[in-house]
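Turn these sequences into a full structure, and let the hints guide you.
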Amino acid sequence: MYISAFPTLTIKTLFNPFPQRSWDRHFPFQKPIFFYRGANAVWSAVKILKLPPQSHVLVPAYHCGVEISAVLKAGGFIQFYNIKNDLLVDLEDIQRKINHETKAILVIHYFGFPQPIREIKRLCDSKKIFLIEDCAHALFGRIPEGMLGSFGDASIFSFQKSLPVADGGAMILKKEKLEESRMLRQPPGLTVLRGLSVLWMEHLKMFHQTVYQFLEGFIFNPLRYLLKQLKKIPTESFQIKTASTHEFDEGLTVLGMSNVSLKISQNIDPDLVIQKRRKNFQFLKEGLKNVKGIAFLYHDLAEGICPLFFPILADDRNFLQERLNQKSIGTFIFGKILHPHLPREKFPSAEFVSNKNLCFPIHQDLDEIHLKYMIEAITE
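Residues in the sequence shown are numbered from 1 upward in steps of one, following the numbering used here.
Hint data in this document are derived by calculation from the structure and do not stem from the laboratory.
Careful, some of the hints might be misleading.
What the hints assert, rightly or not - Derived lysine to aspartate or glutamate pairs resembling DMTMM-like cross-links, with alpha carbons at most 20 Å apart:
1) Lys279 - Glu368
2) Lys285 - Asp300
3) Lys336 - Asp86
4) Lys289 - Glu351
5) Lys276 - Asp300
6) Lys84 - Asp315
7) Lys289 - Glu368
Only a predicted model underlies this, so the values are computations on that prediction, with no experimental measurement involved.
Right under this line is the structure:
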(Lines of atoms letter the chains of each structure in order from A and count residues from 1; the text may use other names and numbers.)
(Lines give C-alpha, C1' and ligand atoms only; values in the text may rest on other atoms or scores of the structure.)
Protein backbone atom coordinates (compact mmCIF):
# COMPACT_ATOMS: atom_id res chain seq x y z
CA MET A 1 0.00 0.00 0.00
CA TYR A 2 1.13 3.54 -0.79
CA ILE A 3 -0.08 6.60 1.13
CA SER A 4 0.55 10.09 -0.19
CA ALA A 5 1.30 12.85 2.31
CA PHE A 6 -1.00 15.27 0.46
CA PRO A 7 -4.26 15.03 -1.53
CA THR A 8 -4.08 13.58 -5.02
CA LEU A 9 -5.85 14.48 -8.26
CA THR A 10 -8.52 12.53 -10.10
CA ILE A 11 -9.65 13.20 -13.65
CA LYS A 12 -13.20 13.53 -12.27
CA THR A 13 -12.11 16.53 -10.20
CA LEU A 14 -11.10 18.35 -13.37
CA PHE A 15 -14.40 17.92 -15.18
CA ASN A 16 -17.11 17.33 -12.58
CA PRO A 17 -17.70 20.74 -10.96
CA PHE A 18 -19.30 21.03 -7.55
CA PRO A 19 -21.80 23.87 -7.01
CA GLN A 20 -20.01 27.16 -6.47
CA ARG A 21 -22.20 28.10 -3.51
CA SER A 22 -20.59 25.43 -1.32
CA TRP A 23 -17.13 26.89 -1.94
CA ASP A 24 -18.43 30.40 -1.26
CA ARG A 25 -19.93 29.29 2.05
CA HIS A 26 -16.57 28.06 3.32
CA PHE A 27 -14.42 30.72 1.67
CA PRO A 28 -16.74 33.71 2.10
CA PHE A 29 -14.28 36.49 1.35
CA GLN A 30 -14.86 39.36 -1.05
CA LYS A 31 -12.41 39.77 -3.92
CA PRO A 32 -9.59 37.44 -2.91
CA ILE A 33 -6.34 37.94 -4.82
CA PHE A 34 -5.04 34.61 -6.09
CA PHE A 35 -1.29 33.98 -6.17
CA TYR A 36 0.97 31.25 -7.54
CA ARG A 37 1.79 30.25 -3.96
CA GLY A 38 1.02 31.42 -0.44
CA ALA A 39 4.51 32.79 0.24
CA ASN A 40 4.07 35.22 -2.67
CA ALA A 41 0.99 36.55 -0.90
CA VAL A 42 3.06 37.14 2.26
CA TRP A 43 5.57 39.13 0.19
CA SER A 44 2.76 41.14 -1.44
CA ALA A 45 1.08 41.79 1.92
CA VAL A 46 4.24 43.37 3.34
CA LYS A 47 4.66 45.43 0.17
CA ILE A 48 1.16 46.88 0.18
CA LEU A 49 1.25 47.69 3.88
CA LYS A 50 3.73 50.39 2.81
CA LEU A 51 5.66 50.18 6.04
CA PRO A 52 7.92 53.16 6.82
CA PRO A 53 11.72 52.69 6.62
CA GLN A 54 13.21 50.71 9.54
CA SER A 55 9.81 49.19 10.34
CA HIS A 56 9.86 45.92 12.27
CA VAL A 57 7.63 42.91 11.64
CA LEU A 58 7.19 40.49 14.55
CA VAL A 59 7.37 36.91 13.25
CA PRO A 60 7.06 33.55 15.05
CA ALA A 61 10.22 31.68 16.02
CA TYR A 62 8.64 28.45 14.72
CA HIS A 63 8.07 28.59 10.97
CA CYS A 64 8.91 26.85 7.69
CA GLY A 65 11.38 29.58 6.69
CA VAL A 66 9.95 30.68 3.36
CA GLU A 67 7.47 33.09 4.96
CA ILE A 68 10.32 34.74 6.87
CA SER A 69 12.32 35.10 3.65
CA ALA A 70 9.26 36.63 1.98
CA VAL A 71 9.03 39.31 4.70
CA LEU A 72 12.74 40.09 4.37
CA LYS A 73 12.63 40.22 0.56
CA ALA A 74 9.69 42.61 0.76
CA GLY A 75 11.80 45.01 2.81
CA GLY A 76 10.66 44.22 6.33
CA PHE A 77 12.96 43.96 9.33
CA ILE A 78 12.15 40.85 11.34
CA GLN A 79 12.04 40.35 15.07
CA PHE A 80 11.19 36.90 16.38
CA TYR A 81 8.69 36.21 19.14
CA ASN A 82 8.36 33.07 21.19
CA ILE A 83 6.06 30.12 20.50
CA LYS A 84 5.25 27.85 23.43
CA ASN A 85 5.57 24.05 23.38
CA ASP A 86 1.85 23.74 22.63
CA LEU A 87 2.40 26.02 19.57
CA LEU A 88 0.34 28.87 20.96
CA VAL A 89 1.85 32.32 20.61
CA ASP A 90 3.51 33.80 23.69
CA LEU A 91 1.42 36.95 24.08
CA GLU A 92 3.60 38.24 26.90
CA ASP A 93 6.69 37.98 24.73
CA ILE A 94 4.89 39.80 21.90
CA GLN A 95 3.86 42.60 24.25
CA ARG A 96 7.43 42.95 25.55
CA LYS A 97 8.82 43.27 22.04
CA ILE A 98 6.38 45.78 20.59
CA ASN A 99 7.97 49.23 20.33
CA HIS A 100 7.62 52.34 18.18
CA GLU A 101 9.36 50.55 15.28
CA THR A 102 6.90 47.63 15.26
CA LYS A 103 4.40 48.02 12.42
CA ALA A 104 3.09 44.47 11.82
CA ILE A 105 2.74 41.04 13.41
CA LEU A 106 2.66 37.75 11.47
CA VAL A 107 0.61 35.01 13.17
CA ILE A 108 0.47 31.37 11.97
CA HIS A 109 -2.45 29.01 12.69
CA TYR A 110 -0.31 25.85 12.88
CA PHE A 111 -1.81 22.69 11.35
CA GLY A 112 -5.25 24.35 11.21
CA PHE A 113 -5.51 24.94 14.97
CA PRO A 114 -6.40 28.55 15.79
CA GLN A 115 -4.24 30.97 17.71
CA PRO A 116 -5.94 33.31 20.21
CA ILE A 117 -6.60 35.56 17.25
CA ARG A 118 -9.18 37.78 18.96
CA GLU A 119 -6.72 38.76 21.70
CA ILE A 120 -3.98 39.32 19.13
CA LYS A 121 -6.31 41.46 17.02
CA ARG A 122 -7.24 43.59 20.03
CA LEU A 123 -3.55 44.06 20.83
CA CYS A 124 -2.80 45.11 17.23
CA ASP A 125 -5.69 47.57 17.21
CA SER A 126 -4.63 49.09 20.52
CA LYS A 127 -1.04 49.54 19.30
CA LYS A 128 -2.12 50.60 15.79
CA ILE A 129 -0.09 47.91 14.05
CA PHE A 130 -1.07 45.62 11.18
CA LEU A 131 -2.02 41.97 11.67
CA ILE A 132 -0.95 39.50 8.97
CA GLU A 133 -2.96 36.32 9.56
CA ASP A 134 -1.24 33.28 8.04
CA CYS A 135 -3.91 30.66 7.29
CA ALA A 136 -1.72 28.50 5.03
CA HIS A 137 -2.58 25.52 7.27
CA ALA A 138 -6.11 26.63 8.06
CA LEU A 139 -8.20 26.62 4.89
CA PHE A 140 -11.93 26.33 5.79
CA GLY A 141 -11.18 26.73 9.51
CA ARG A 142 -13.36 28.79 11.80
CA ILE A 143 -13.91 29.81 15.41
CA PRO A 144 -17.24 30.93 16.92
CA GLU A 145 -16.44 34.56 16.11
CA GLY A 146 -15.82 33.94 12.41
CA MET A 147 -13.71 32.31 9.72
CA LEU A 148 -9.97 32.11 10.23
CA GLY A 149 -8.64 34.74 7.85
CA SER A 150 -11.33 37.26 8.68
CA PHE A 151 -9.36 38.92 11.48
CA GLY A 152 -6.14 40.01 9.76
CA ASP A 153 -5.60 43.27 7.91
CA ALA A 154 -4.04 40.92 5.35
CA SER A 155 -4.77 37.19 5.49
CA ILE A 156 -2.84 34.50 3.61
CA PHE A 157 -4.00 31.10 2.34
CA SER A 158 -2.19 28.25 0.58
CA PHE A 159 -4.46 25.89 -1.37
CA GLN A 160 -1.70 23.44 -2.30
CA LYS A 161 -1.46 22.12 1.26
CA SER A 162 -5.14 21.17 1.53
CA LEU A 163 -6.41 20.61 -2.03
CA PRO A 164 -5.21 18.64 -5.09
CA VAL A 165 -3.94 21.66 -7.05
CA ALA A 166 -0.65 22.26 -8.82
CA ASP A 167 -0.34 25.80 -7.47
CA GLY A 168 -2.35 28.37 -5.64
CA GLY A 169 -2.53 30.78 -2.75
CA ALA A 170 -4.69 33.74 -1.88
CA MET A 171 -4.61 37.02 -0.01
CA ILE A 172 -7.59 38.70 1.63
CA LEU A 173 -7.33 42.40 2.39
CA LYS A 174 -9.37 44.59 4.68
CA LYS A 175 -10.57 46.76 1.83
CA GLU A 176 -11.23 49.81 3.96
CA LYS A 177 -7.51 49.95 4.78
CA LEU A 178 -5.59 48.42 1.91
CA GLU A 179 -5.65 48.24 -1.86
CA GLU A 180 -3.91 45.98 -4.34
CA SER A 181 -4.07 46.62 -8.06
CA ARG A 182 -1.00 44.78 -9.37
CA MET A 183 -1.74 42.53 -12.34
CA LEU A 184 -0.49 38.96 -12.04
CA ARG A 185 0.42 36.69 -14.96
CA GLN A 186 -0.65 33.10 -15.44
CA PRO A 187 2.15 30.63 -14.60
CA PRO A 188 3.81 28.84 -17.56
CA GLY A 189 1.56 26.10 -18.93
CA LEU A 190 4.25 23.43 -18.66
CA THR A 191 4.76 24.25 -14.99
CA VAL A 192 1.06 23.68 -14.35
CA LEU A 193 1.03 20.52 -16.48
CA ARG A 194 3.97 19.11 -14.55
CA GLY A 195 2.24 19.76 -11.21
CA LEU A 196 -1.03 18.19 -12.35
CA SER A 197 0.80 15.17 -13.74
CA VAL A 198 2.54 14.56 -10.42
CA LEU A 199 -0.76 14.79 -8.53
CA TRP A 200 -2.44 12.38 -10.95
CA MET A 201 0.47 9.93 -10.74
CA GLU A 202 0.19 10.05 -6.95
CA HIS A 203 -3.48 9.11 -7.24
CA LEU A 204 -2.74 6.16 -9.50
CA LYS A 205 0.03 5.04 -7.17
CA MET A 206 -2.38 5.12 -4.20
CA PHE A 207 -5.47 3.56 -5.73
CA HIS A 208 -4.44 1.80 -8.96
CA GLN A 209 -0.95 0.42 -8.41
CA THR A 210 -1.14 -2.09 -11.26
CA VAL A 211 -2.06 0.66 -13.73
CA TYR A 212 0.62 2.92 -12.26
CA GLN A 213 3.33 0.27 -12.65
CA PHE A 214 2.25 -0.42 -16.23
CA LEU A 215 2.23 3.27 -17.18
CA GLU A 216 5.44 4.12 -15.35
CA GLY A 217 7.69 2.46 -17.89
CA PHE A 218 5.75 3.52 -20.99
CA ILE A 219 4.67 7.04 -20.07
CA PHE A 220 5.82 8.40 -16.71
CA ASN A 221 9.55 7.77 -16.98
CA PRO A 222 9.75 9.20 -20.54
CA LEU A 223 7.63 12.14 -19.37
CA ARG A 224 10.00 12.81 -16.47
CA TYR A 225 12.95 12.76 -18.88
CA LEU A 226 11.15 15.13 -21.28
CA LEU A 227 10.30 17.60 -18.51
CA LYS A 228 13.90 17.48 -17.30
CA GLN A 229 15.12 18.40 -20.78
CA LEU A 230 12.52 21.14 -21.23
CA LYS A 231 13.76 22.80 -18.03
CA LYS A 232 17.01 23.52 -19.85
CA ILE A 233 15.29 25.61 -22.55
CA PRO A 234 15.96 29.28 -21.65
CA THR A 235 12.73 30.71 -23.06
CA GLU A 236 9.90 31.90 -20.87
CA SER A 237 7.23 30.09 -22.87
CA PHE A 238 8.84 26.73 -22.05
CA GLN A 239 9.92 27.63 -18.54
CA ILE A 240 9.23 24.98 -15.91
CA LYS A 241 10.09 26.57 -12.60
CA THR A 242 8.67 24.96 -9.49
CA ALA A 243 8.65 26.72 -6.14
CA SER A 244 10.87 25.43 -3.35
CA THR A 245 9.30 24.64 0.00
CA HIS A 246 12.11 26.33 1.92
CA GLU A 247 13.42 29.04 -0.41
CA PHE A 248 11.61 32.17 -1.53
CA ASP A 249 11.97 33.16 -5.19
CA GLU A 250 11.09 36.81 -5.69
CA GLY A 251 10.94 36.20 -9.45
CA LEU A 252 7.76 34.18 -8.97
CA THR A 253 5.83 37.03 -7.30
CA VAL A 254 4.54 38.22 -10.69
CA LEU A 255 2.59 34.96 -11.11
CA GLY A 256 -1.00 34.39 -10.12
CA MET A 257 -2.85 31.15 -9.54
CA SER A 258 -3.40 29.15 -12.70
CA ASN A 259 -6.95 29.05 -14.05
CA VAL A 260 -7.01 25.25 -13.95
CA SER A 261 -5.95 25.14 -10.27
CA LEU A 262 -8.56 27.74 -9.40
CA LYS A 263 -11.21 25.68 -11.22
CA ILE A 264 -10.15 22.51 -9.39
CA SER A 265 -10.27 24.24 -6.02
CA GLN A 266 -13.80 25.43 -6.69
CA ASN A 267 -14.82 21.95 -7.86
CA ILE A 268 -13.95 20.55 -4.42
CA ASP A 269 -16.70 19.99 -1.86
CA PRO A 270 -15.42 21.78 1.29
CA ASP A 271 -17.94 19.94 3.49
CA LEU A 272 -16.38 16.63 2.42
CA VAL A 273 -12.85 17.95 3.02
CA ILE A 274 -13.73 19.13 6.53
CA GLN A 275 -15.68 15.99 7.42
CA LYS A 276 -13.02 13.55 6.21
CA ARG A 277 -10.10 15.39 7.80
CA ARG A 278 -11.85 15.61 11.17
CA LYS A 279 -12.94 11.97 11.02
CA ASN A 280 -9.45 10.80 10.06
CA PHE A 281 -7.85 12.92 12.79
CA GLN A 282 -10.06 11.34 15.44
CA PHE A 283 -9.42 7.83 14.06
CA LEU A 284 -5.63 8.27 14.26
CA LYS A 285 -5.88 9.83 17.70
CA GLU A 286 -7.80 6.81 19.01
CA GLY A 287 -5.56 4.30 17.24
CA LEU A 288 -2.28 5.84 18.46
CA LYS A 289 -3.24 6.82 22.02
CA ASN A 290 -1.39 3.89 23.62
CA VAL A 291 1.68 3.90 21.38
CA LYS A 292 4.87 4.53 23.33
CA GLY A 293 7.54 6.90 22.07
CA ILE A 294 5.26 9.53 20.55
CA ALA A 295 3.35 12.46 22.04
CA PHE A 296 0.36 14.26 20.54
CA LEU A 297 0.71 17.95 19.78
CA TYR A 298 -3.08 18.34 19.93
CA HIS A 299 -5.50 16.26 22.00
CA ASP A 300 -8.77 18.05 21.28
CA LEU A 301 -10.45 18.90 18.00
CA ALA A 302 -12.75 21.83 18.73
CA GLU A 303 -15.73 22.54 16.52
CA GLY A 304 -14.81 24.44 13.37
CA ILE A 305 -11.23 23.18 13.09
CA CYS A 306 -10.25 21.66 9.74
CA PRO A 307 -6.93 19.96 10.62
CA LEU A 308 -4.16 19.81 8.05
CA PHE A 309 -2.28 16.84 9.54
CA PHE A 310 -2.11 14.71 12.65
CA PRO A 311 1.13 16.10 14.13
CA ILE A 312 3.08 14.22 16.80
CA LEU A 313 6.38 14.62 18.63
CA ALA A 314 8.90 11.79 18.57
CA ASP A 315 12.33 11.57 20.16
CA ASP A 316 13.75 9.68 17.18
CA ARG A 317 11.71 11.51 14.56
CA ASN A 318 14.06 11.02 11.61
CA PHE A 319 14.31 7.27 12.21
CA LEU A 320 10.52 6.99 12.45
CA GLN A 321 10.05 8.94 9.23
CA GLU A 322 12.59 6.78 7.42
CA ARG A 323 10.95 3.55 8.54
CA LEU A 324 7.50 4.78 7.50
CA ASN A 325 8.91 5.86 4.15
CA GLN A 326 10.18 2.29 3.68
CA LYS A 327 6.58 1.17 4.16
CA SER A 328 5.43 3.69 1.49
CA ILE A 329 3.79 6.03 4.00
CA GLY A 330 4.32 9.69 3.20
CA THR A 331 4.83 12.06 6.14
CA PHE A 332 5.74 15.72 6.49
CA ILE A 333 7.93 17.79 8.80
CA PHE A 334 7.00 21.41 9.37
CA GLY A 335 9.82 23.77 10.27
CA LYS A 336 12.61 21.23 9.85
CA ILE A 337 14.82 24.02 8.50
CA LEU A 338 14.32 27.14 10.60
CA HIS A 339 15.40 30.45 9.09
CA PRO A 340 19.15 31.11 9.52
CA HIS A 341 18.42 34.51 11.10
CA LEU A 342 16.75 32.83 14.08
CA PRO A 343 18.93 32.82 17.23
CA ARG A 344 17.98 29.26 18.16
CA GLU A 345 19.45 29.38 21.65
CA LYS A 346 16.93 32.07 22.59
CA PHE A 347 13.90 30.04 21.43
CA PRO A 348 14.18 26.49 22.82
CA SER A 349 10.49 25.73 22.20
CA ALA A 350 10.83 26.38 18.46
CA GLU A 351 13.98 24.26 18.36
CA PHE A 352 12.24 21.50 20.32
CA VAL A 353 9.22 21.25 18.01
CA SER A 354 11.37 21.64 14.90
CA ASN A 355 13.51 18.66 15.90
CA LYS A 356 10.70 16.37 17.02
CA ASN A 357 7.55 17.01 14.96
CA LEU A 358 6.28 14.55 12.37
CA CYS A 359 2.97 14.99 10.56
CA PHE A 360 0.84 12.02 9.54
CA PRO A 361 -1.54 12.52 6.59
CA ILE A 362 -5.28 12.70 7.27
CA HIS A 363 -6.38 14.22 3.96
CA GLN A 364 -9.68 13.62 2.23
CA ASP A 365 -8.39 10.81 -0.03
CA LEU A 366 -7.73 8.53 2.93
CA ASP A 367 -10.14 5.87 4.17
CA GLU A 368 -10.02 3.58 7.21
CA ILE A 369 -7.95 0.99 5.36
CA HIS A 370 -5.16 3.54 4.90
CA LEU A 371 -5.40 4.76 8.49
CA LYS A 372 -5.29 1.22 9.89
CA TYR A 373 -2.21 0.52 7.80
CA MET A 374 -0.56 3.66 9.21
CA ILE A 375 -1.47 2.76 12.79
CA GLU A 376 -0.05 -0.75 12.40
CA ALA A 377 3.16 0.58 10.85
CA ILE A 378 3.64 3.28 13.51
CA THR A 379 2.90 0.85 16.33
CA GLU A 380 5.41 -1.63 14.92
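Do the hints match the structure? See the list:
Restraint check: the Cα-Cα separation between Lys279 and Glu368 comes to about 10 Å, which is no more than 20 Å; the hinted pair holds. Taking the CA atoms of Lys285 and Asp300, the gap is near 9 Å; set against the 20 Å cutoff, the hint holds. Restraint check for Lys336 and Asp86: satisfied, since their Cα atoms lie roughly 17 Å apart, inside the 20 Å limit. Between Lys289 and Glu351 the CA atoms are separated by roughly 25 Å; this puts the pair beyond 20 Å, and the hint is violated.
Between Lys276 and Asp300, the direct Cα distance comes to roughly 16 Å. Compliance with the 20 Å bound is thereby established for this hinted pair. Restraint check for Lys84 and Asp315: satisfied, since their Cα atoms lie roughly 18 Å apart, inside the 20 Å limit. The straight-line distance between the Cα atoms of Lys289 and Glu368 is roughly 17 Å, inside the 20 Å bound, and the hint therefore holds.
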